[in-house]
Amino acid sequence: DAGITQSPRYKITETGRQVTLMCHQTWSHSYMFWYRQDLGHGLRLIYYSAAADITDKGEVSDGYVVSRSKTENFPLTLESATRSQTSVYFCASSESGRGNTIYFGEGSWLTVV
Amino acid sequence: GENVEQHPSTLSVQEGDSAVIKCTYSDSASNYFPWYKQELGKRPQLIIDIRSNVGEKKDQRIAVTLNKTAKHFSLHITETQPEDSAVYFCAASGPRIAGNMLTFGGGTRLMVKP
Chain A
3 DAGITQSPRY KITETGRQVT LMCHQTWSHS YMFWYRQDLG HGLRLIYYSA
53 AADITDKGEV SDGYVVSRSK TENFPLTLES ATRSQTSVYF CASSESGRGN
103 TIYFGEGSWL TVV
Chain B
396 GENVEQHPST LSVQEGDSAV IKCTYSDSAS NYFPWYKQEL GKRPQLIIDI
446 RSNVGEKKDQ RIAVTLNKTA KHFSLHITET QPEDSAVYFC AASGPRIAGN
496 MLTFGGGTRL MVKP
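Residue numbers (the numbering used here), protein chains in the order written: chain A, 3 to 115; chain B, 396 to 509.
Don't take each hint at face value.
What the hints assert, rightly or not - Examples of chain B residues lying across from chain A (beta carbon under 10 Å, computed):
(1) 396
(2) 399
(3) 401
(4) 431
(5) 436
(6) 438
(7) 440
(8) 441
(9) 482
(10) 484
(11) 486
(12) 496
(13) 497
(14) 498
(15) 499
(16) 501
In case anyone wonders, no lab produced these hints; they're calculated from the structure. Here the structure is a predicted model, which means the values were calculated and not measured. We put the beta carbon where it would ideally sit given N, CA and C, even for glycine.
All chains should be built: construct the whole structure from the sequences, respecting the hints.
Following this line, the structure appears as structure tokens:
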């Protein structure tokens, strides 16, 4: 479980500020993901990456930016935070291909005031 | 894309009783169906999964069944214990879904009363 870590774990920021959530995995998994979890909406995919320098939008990508210059890191940036982006953010990774187990990080609790 | 519906949204059972959570999916090509358990304040963790070439899978007190024709799958927990209290998510993925994306159901909050 320590193979995928997120930072910060808790963050309070103001509307309009840029925020970056970090995600690091030590398994050399090809795939990495960012999900947000809100009450009543379950887990929704923001962005995913199949490999370094390859990223794709998920279901709720507006207002978010990602990069993946190295296999092990997948930071998520909120360019101009809004209150609607208050949520719990989970980074996740998967070995390869389809039908493989996805492992989640501990989560980052973000509050935008 | 895939759409996964999960029912019920909340479920309360007495300790020792069985609990059943059901999910339906829309894409007949989906072939991988995991279940995740999320305890309060923790990350979702895989508890069991099933692939489309199998109709049922068991692991101690938990089992998952898959009906490909009806496009639904279910999680069964027998002899429930207080530590089973958590939110459970079903998910589906398949060859028509880009990348390795899982589509999650909305979750079921299971409460086991001692």
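Status of the hints after comparison with the structure:
1. 396: holds (8 Å)
2. 399: Residue 399 of chain B check passes; min Cβ-Cβ to chain A is 9 Å, inside 10 Å.
3. 401: Cβ of residue 401 of chain B sits 8 Å from chain A, so the hint holds.
4. 431: holds (8 Å)
5. 436: holds (8 Å)
6. 438: holds (4 Å)
7. 440: Holds, about 7 Å.
8. 441: holds (5 Å)
9. 482: holds (9 Å)
10. 484: holds (6 Å)
11. 486: holds (8 Å)
12. 496: Hint holds; residue 496 of chain B Cβ to chain A Cβ min 6 Å, cut 10 Å.
13. 497: At about 6 Å, which falls below the 10 Å cut-off, the nearest Cβ of chain A leaves the hint on residue 497 of chain B intact, so it holds.
14. 498: Hint holds; residue 498 of chain B Cβ to chain A Cβ min 8 Å, cut 10 Å.
15. 499: With a minimum Cβ separation of about 4 Å from chain A (threshold 10 Å), the hint on residue 499 of chain B holds.
16. 501: This hint holds: residue 501 of chain B lies near chain A, its Cβ roughly 4 Å from the closest one there, short of 10 Å.
The structure is consistent with each of the numbered hints, conforming to all of them.
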